[in-house]
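One-letter residues, chain by chain:
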Amino acid sequence: MRRATVLGSRPDMRDLTDRALNTANGLGAGYADVRIVRRREESIAIKSGRLEGVASGETEGFGVRVLVDGAWGFASSHHLDLGEADRVAALAVRIARASATALRTPVALDDRPPAQGRFETPVQEDPFTIPIERKIGHLMEADRAAGAVRGISFTESSYGAQREEKTFAASDGSYTEQAITHVGAAVEANAIDGDEHQRRSYPDAGGGWAAAGYEYIRGLNLAGNAERYADEAVQLLTAPQCPSGSKTIVLDPSQLYMQVHESCGHPTELDRVYGTEASYAGTSFLTTDKLDEGFRYGSDLVTIVADATAPLGMGTFGWDDEGVAAQSVPLIQNGILAGYLTSRETAPRIGRASGGAMRADGWNRIPLIRMTNINLLPVDGMSLDDIVADTDDGLYLDTNRSWSIDDRRLNFQFATEIAYEIKGGRRGRMFKNPTYTGITYEFWRSCDAVGDASSYVMLGTPNCGKGEPSQGAHVGHGVSGARFRNVQVGVGKW
Amino acid sequence: MVRQADQSDALSIAEAVLARALGAGATEAEVLVMSDDQALTRFANSEIHQNVAETSVSVNLRFVLGRRIATASTGRIDEAGLAAVVHRASAIARTCEELADWAGLPEPDPAGPSSGLAAAYAASTADATPELRAEGARAVIAAADDQGVLAYGSFSTGREAIAVANSKGIRSYEERTAAQLLTVHMSPDGGTGYAERAATDVTNIDPEGIGREAAARAKATDNAISMPAGEYPVVLEPYAVVDILDMLGYVGFSGLAVEEGRSFSEPGRRVGSDLVTIIDDGANTSGLPMTFDYEGVRKERVVLIENGVCRDVVYDAQTAARAGRRSTGHGLPAPNSYGPFPLNMVMSHGSTPREELIAGIDRGLLVTRFHYTNPVHPKLAIITGMTRDGTFLIENGEIVAPVRNLRFTQSYLDALAGVSAVGRELRTLRGSFGAVVVPALRIDAWSFTGTTEH
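Protein chains in written order, with our numbering: chain U, 1 to 494; chain S, 495 to 948.
Okay, chain U solo, but in the shape it has when bound (with noise of 0.2 Å):
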């Protein structure tokens, strides 16, 4: 056991990641690679116009990952010292060979030219250098545009920022270096009588999250849009219960892209069909037999890509954490199955070179096959306006409040924070506690309209779970809307 006392000074990157590398190879290992990653945050918090909470933390660590005879091994240290980098190259070894008392079929990589240089995400205003009470006057004047709507029971708002420093080494002369930010915020209005706890979030559930600079918060406009949904949450508490039944539906963005990551990022990734995340979050209805058959997944209306060079995205890099290069990925082509999420294990078992959807949560985990940017691409013909004037008879569901599907990613259920009528192509009244369910390729093949590029934009998740040990990822969705019919909407009893 290693004790926690206070450490001496630091050695260069280079230097620690050649170390690293040196004395795994000379244990044993067939590969290895090393990532050691800073990564500073900051978040704001403020409920009901009280500062609740400012933090600023930072993070740094390495961490070595090894096959030795075809089995993994992986271990990390918050300590950047050189003897350090043997003792945990040497337990990564250690944990290989452990490893490969219960292995059956040796892992093998696919090939890839090394990697070499640098990325880093376009940032025009630095996060980091904006003074603290600046943002604490952003969000705040924010917060109490809610708080001061009559009926407001309570508001919460939140900031946050994030970067990371990463530096990636392989034994096959791989060396990248990346700087990869992240900022999002939000304003949340809750309101309640009773039982009745109505929520409006501006802009998102969680936040508006980009990959950017503090330009993107200020683009938001929190405080000119905290009033409008403020307002929407008192009316709710008021609103008709959403009616049941078999309906037709316009997703919005703001629940459009919940739907795309529960119901085709999450069953695309290679190593959830394969079985290698069932013990936690499951596996996949998208068995690899359904690639090479051609399985409708949806209408000919949906193409979806997994593109990590997509700008705005929280999966943009430049290269995964295997020191793959970002790309685009077919993913599913006007409704038919096209690829899958892969890694260098992966994709050899297709057939494929790894599309690059390694990622990491940091320096003390290893990394997984994860979304980059899972996106519904816009489809020319119809403006979302267009789509709703198209509707006769439906409901728009606007910001996600609830989210679960099955095991194997087919049964799901979603609640959104509001629903408006459509009658005669027009939006109308509000209906509080929506719900709709389905099974997703039922409901991907019902969709029949697709918005165009005016409405596209990109969202995302900083929170997408995954991994024993538990890993967080911030993934990215563009969407720009659709409609879907006949999806039974209200579940359950109130």
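Check before you lean on any hint, since a few could be wrong.
List of simulated lysine-lysine pairs, PhoX-like, C-alpha gap at most 25 Å [said to hold, decoys possible]:
#	chain 1	residue 1	chain 2	residue 2
1	U	Lys47	U	Lys432
2	U	Lys47	S	Lys873
3	S	Lys873	U	Lys432
4	U	Lys47	U	Lys135
Rather than coming from a laboratory, the hints here were simulated on the basis of the structure.
It should be emphasised that the depicted structure is a prediction, and the values quoted were computed from it without experimental measurement.
Could you slot chain S onto chain U? The hints should help.
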């Protein structure tokens, strides 16, 4: 037994940072140091495919300047890192707005410093090796092989030293260990079965037994039949009951949830049948004990629901002050806009053997486990989720067939009200937010609202 060497290390760092903060002008300060050695061996398709270890430390400083409060944290414990964390916290505190109702950091326990429960620590877990975890994985896999199924699971062992020092005089230190082994066994004919144990002492975990339990369940769920959605009486295995406590903790058992009007909990309100008693008890040695919270405050035993009636909720220092109460020792690391949380919930056992729980149902379902649950209506505790890894049809008091998984949309409060029998055995399991000790339950009505294909 508490290791004095680590106590001096973690506490000495906490005290050194505390001194620096006070030297930088803090009127109050609190330092939380967590030092971890964690390892996890993961297996799938009956082979080890991921195998990891981590050594980490974090220093979390709450810096108070009058009524201005800032928090800074670092994973760097060299001189520059510790100096920087104080500098960052101090700089923020000097510029941020005042918190008008700041009640101050918690005071020390009159009974003296919290120095840790011996039961929270087991050397066997702290010293667990990759070879020991691999041996456990192989035992689980062997049990799967015996039944012709495949094993997917994880075996984790970890040790954490935690120290809290604040300017009011709190000095709390504890070493904690935890081990967990879980597995999903999957049969070629579609069956799946789950089993799990958690313990402070890894030697109390029986990998072979866990493997056998999951394998038997997987074989028993082969070739499952479809059942229509609808309302059925259920028996929930302890693995499923964990989710009820997790979710009620999440939506209602916190002083902040009560303060904000989003909790169901009101003292004296009946929400469950007489058979339902839920407490939070950090000293319960059958769980994963914790002596104090992340503010260094000694954990009190809090009765959340007693014989079906709401009694109390948990508090941290700030929510307690606003409620005119004393902290119950349920604070999370600062900054915490989420509020206090019960991390050591225990549901009282009953007297009913498992077979009699099942025997009491004419036509209903036995549910092993829930999956991906989420609140649909938090104040009514309406939750949706799926069944997973072992769902069975009960007819005339006997299990007669495996059933494909079902979606439910169910108020967990209504579920507590419908508890008609409680199992006599308790299981220690890991919930989403802490350790949970739970029995099996029989519930008169459970609302299943959808079906799936497996």
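Here is how each hint holds up against the structure:
1. Lys47(U) x Lys432(U): holds, 24 Å
2. Lys47(U) x Lys873(S): holds, 19 Å
3. Lys873(S) x Lys432(U): Status holds; Cα separation ~14 Å.
4. Lys47(U) x Lys135(U): Holds. Lys47(U) to Lys135(U) sits at ~15 Å (cutoff 25 Å).
Every hint from the earlier list agrees with this structure, and none is contradicted.
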